[in-house]
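S.K.: What follows is each chain in one-letter form.
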Amino acid sequence: MPFQWSCFRTFGANNLEALRLPIWVKFLAFVTVISCVFLGFIVDVPRLDILNETIRNLFFHVTSWFAMVFLFLLSFIYSIKHLSSGLEMDDRLAKIFTEVGMVFGIAGLVTGMLWAKYTWGAYWVPDPKLNGAAISLLAYLAYVVLRNSFSDPITKGRVSSVYNIFAFVLMLIFIFILPRMTSSLHPGNGGNPAFSSYDLDNTMRLVFYPAIIGWILLGLWISEIKFRMEALQINKTK
Amino acid sequence: MKQVLAVIFRNLKSDFRDPNSIFGSLLFLISSLFVCYISINRIASIPTWVALFWIIVIFASFNAVAKSFVQETRDKMIYIYSLMSPAQFIIGKMLYNGLLLILMSLIAILIYSGLFEMAIGNLPMLLIGILLGSACIGMILSLLSSIASKASGNLTLMAILGLPIMLPLILTATKFTKNAVDGLDWSIQYKYLIVLIGLNIVCGALSVVLFPYLWRE
Numbered sequence: 001m002p003f004q005w006s007c008f009r010t011f012g013a014n015n016l017e018a019l020r021l022p023i024w025v026k027f028l029a030f031v032t033v034i035s036c037v038f039l040g041f042i043v044d045v046p047r048l049d050i051l052n053e054t055i056r057n058l059f060f061h062v063t064s065w066f067a068m069v070f071l072f073l074l075s076f077i078y079s080i081k082h083l084s085s086g087l088e089m090d091d092r093l094a095k096i097f098t099e100v101g102m103v104f105g106i107a108g109l110v111t112g113m114l115w116a117k118y119t120w121g122a123y124w125v126p127d128p129k130l131n132g133a134a135i136s137l138l139a140y141l142a143y144v145v146l147r148n149s150f151s152d153p154i155t156k157g158r159v160s161s162v163y164n165i166f167a168f169v170l171m172l173i174f175i176f177i178l179p180r181m182t183s184s185l186h187p188g189n190g191g192n193p194a195f196s197s198y199d200l201d202n203t204m205r206l207v208f209y210p211a212i213i214g215w216i217l218l219g220l221w222i223s224e225i226k227f228r229m230e231a232l233q234i235n236k237t238k
Numbered sequence: 001m002k003q004v005l006a007v008i009f010r011n012l013k014s015d016f017r018d019p020n021s022i023f024g025s026l027l028f029l030i031s032s033l034f035v036c037y038i039s040i041n042r043i044a045s046i047p048t049w050v051a052l053f054w055i056i057v058i059f060a061s062f063n064a065v066a067k068s069f070v071q072e073t074r075d076k077m078i079y080i081y082s083l084m085s086p087a088q089f090i091i092g093k094m095l096y097n098g099l100l101l102i103l104m105s106l107i108a109i110l111i112y113s114g115l116f117e118m119a120i121g122n123l124p125m126l127l128i129g130i131l132l133g134s135a136c137i138g139m140i141l142s143l144l145s146s147i148a149s150k151a152s153g154n155l156t157l158m159a160i161l162g163l164p165i166m167l168p169l170i171l172t173a174t175k176f177t178k179n180a181v182d183g184l185d186w187s188i189q190y191k192y193l194i195v196l197i198g199l200n201i202v203c204g205a206l207s208v209v210l211f212p213y214l215w216r217e
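Sequence lines, in order, name chains B and S. Residue numbering for the first sequence is 1 to 238, as defined by our numbering. Residue numbering for the second sequence is 1 to 217, as defined by our numbering.
Simulated from the structure, these hints should not be mistaken for lab results. Remember, it's a predicted structure, so these values are computed and weren't measured experimentally.
Capping the alpha-carbon separation at 27 Å, the derived lysine-lysine pairs in DSS-like fashion look like this:
#1 LYS67/S <-> LYS156/B
#2 LYS178/S <-> LYS191/S
#3 LYS13/S <-> LYS67/S
#4 LYS76/S <-> LYS156/B
#5 LYS226/B <-> LYS26/B
#6 LYS81/B <-> LYS26/B
If we strip away everything but chain B, and leave its shape as in the complex, we get:
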């Protein structure tokens, strides 16, 4: 039997403190998310044709995509870390970031669909950007299915990390490169107004930038709680 290079370290460390946000970060997350939800509906927004009040979706839709991409990036980094360190903890973190990122992805998809209904007139249009978003969610669902089909945790960690890295790189190509090559209805593509042109309003900026930070920190906070819960469960069964 070939030498199992990682078996010594895999179950050694189950450190609860591996993902621990300082209290002021949680406070910041709380304040920014609350301010996003309140101010997002209250502040004056520029009156634009067709968009009208739907421009407020910027605070919710765009920010949840930012949070999703950020969490998937963390998951990608932890998958690389797992391949180099062999620690089971890194793999678990990668899994948790993927799961939380998918929640934000679904939130972004739903808010986007509602917005599309009132501006484009349909919940779904055949658009490269929309299809890219849906397919990348499918790829991450496949990651979850792949994880569940293993019983041996060492193989599970290694194989799913490999898939995660592969999927993330191709997702980047799909979401960021391909839509720029074809025309798209989506704001920011093909001459449609992006948020650089209608976001010039300074009050909107004041809400939008903290909102990005807020949703990202909220995602990290959820991941932390999930991680600690799973770590406690594992320690209990030991």
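For chain B, the structure is supplied; the task is to place chain S on it using the hints.
M.R.: For chain S alone, kept in the frame of chain B given last:
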């Protein structure tokens, strides 16, 4: 280099010693082409013509490459482990699967354009698109087949894993081949050609980097 060639020839030999599987996938391809012909008869629009072709090719290639790693038993893998580095092994596998799929898709386009008549604007461009597309499908499926074989691989898992990942490639290849059938000029096609070649390079490089982690057990 010697080891890479050895992998290709070993696969070739084992496929011709037991030609059931390779002719099986070829037969799958031809019969699905024929099923499409019987149920659709003729296709008027170019986008549909191209899309149907790629759908047939993709599912046939899943069928053809799925067995690529399942047939490698544990003992065989350990023996190969002592002979060469993982990079050489995966490069050999990718080249073999890529060539196999290129051959299959060339057969497919021959039969397909015979069954469904279509005036093709730029034949060399279409062939280049098919060549690059199926080579990249072969590379992606080689890595995925080794992932699926770790998870007591079946075809369903491979399709779930593979289809979302292959979509950027499928989209670009479809657009490229559609423009080729339309007979558009090269100047419009360059950006798609660059993306296709880039995808080939990215998938190949990722497989070479990642395969050593799958291989070790």
